[in-house]
Amino acid sequence: NAGVTQTPKFRVLKTGQSMTLLCAQDMNHEYMYWYRQDPGMGLRLIHYSVGEGTTAKGEVPDGYNVSRLKKQNFLLGLESAAPSQTSVYFCASSSVTGGYNQPQHFGDGTRLSIL
Amino acid sequence: DAKTTQPTSMDCAEGRAANLPCNHSTISGNEYVYWYRQIHSQGPQYIIHGLKNNETNEMASLIITEDRKSSTLILPHATLRDTAVYYCIARPYGQNFVFGPGTRLSVLP
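So the protein sequences, as listed, match chains A and B. Heads up: take any position in the first sequence, counting from 1, add 2, and you land on our numbering. Heads up: take any position in the second sequence, counting from 1, add 4, and you land on our numbering.
It should be emphasised that the hints constitute simulated quantities derived from the structure, not laboratory data. Treat the hints with care, since some could be wrong.
Said to hold, decoys possible - Residues from chain A that face chain B, not an exhaustive set, calculated with beta carbons under 7 Å:
1) Gly44
2) Tyr102
3) Asp110
4) Gly111
Claimed, not checked - Covered by chain A, according to a simulated footprint, are these stretches of chain B (three or more residues, beta-carbon under 8 Å):
5) 49-56
6) 103-112
For every residue, glycine included, the Cβ atom is placed at its ideal position computed from N, Cα and C.
Please put together the full structure from these sequences, using the hints given.
Below is the structure:
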């Protein structure tokens, strides 16, 4: 019963490098989300997806791209990493079965440091 | 979206009930109240949510005032493992969540 799984758990990058964070959910949820959390702050929404093949911008989308080629996976890409993107990244998913008031379920996060 | 206001921090004695308040005085009719918690650096954990009726599950109870301008999350018998940051979120139906800074609850032995 994995729920939401994020890969990798930790990563250190140099400025200008690129990488992709992977989120996988096994709950057959329609919606998926990427958030970032900086020290002492709440979560901020980067991008989200309401279904396979669709994505939308959240509150802080600049510097990130996303793809949802399969329903169970949501990828977050950093094309040219910057120190300001040092953060903890959380993925979440939610179902619309039963209505659009269903809660989101979160993974354990990816801790990303950019030097 | 309704803004929520929570105390920055609270203490609670182990074994006692923890009552966490949340003010959402500008809440609209279609906004649900959700509670999440975040233990240390783990991902947020869903606790409970409701629209206007009080709700109870295995983790907690949610008491929403009749005018819906405030709510209280109740952890009936707090343990040390309940030490966490608790987030109260007022979310319009079908819209995205907005997380504020939350309340840091410390359960003391």
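We went through each hint and held it up to the structure:
The interface hint given for Gly44 (chain A) is met, as the beta carbon of that residue sits about 4 Å from the closest beta carbon of chain B, less than 7 Å. Among the interface hints, the one on Tyr102 (chain A) holds; its C-beta lies about 4 Å from the nearest C-beta in chain B, closer than the 7 Å criterion. Because the beta carbon of Asp110 (chain A) sits about 5 Å from the nearest beta carbon in chain B, less than 7 Å, this interface hint is met. Nearest Cβ of chain B to the Cβ of Gly111 (chain A): about 5 Å, under the 7 Å cut. The hint holds.
Counting residues of the region 49-56 of chain B whose C-beta lies closer than 8 Å to any C-beta of chain A gives 4; at least three are required, and the coverage claim holds. Only residues whose beta carbon comes within less than 8 Å of a beta carbon in chain A count, and the region 103-112 of chain B has 4; three or more means the coverage holds.
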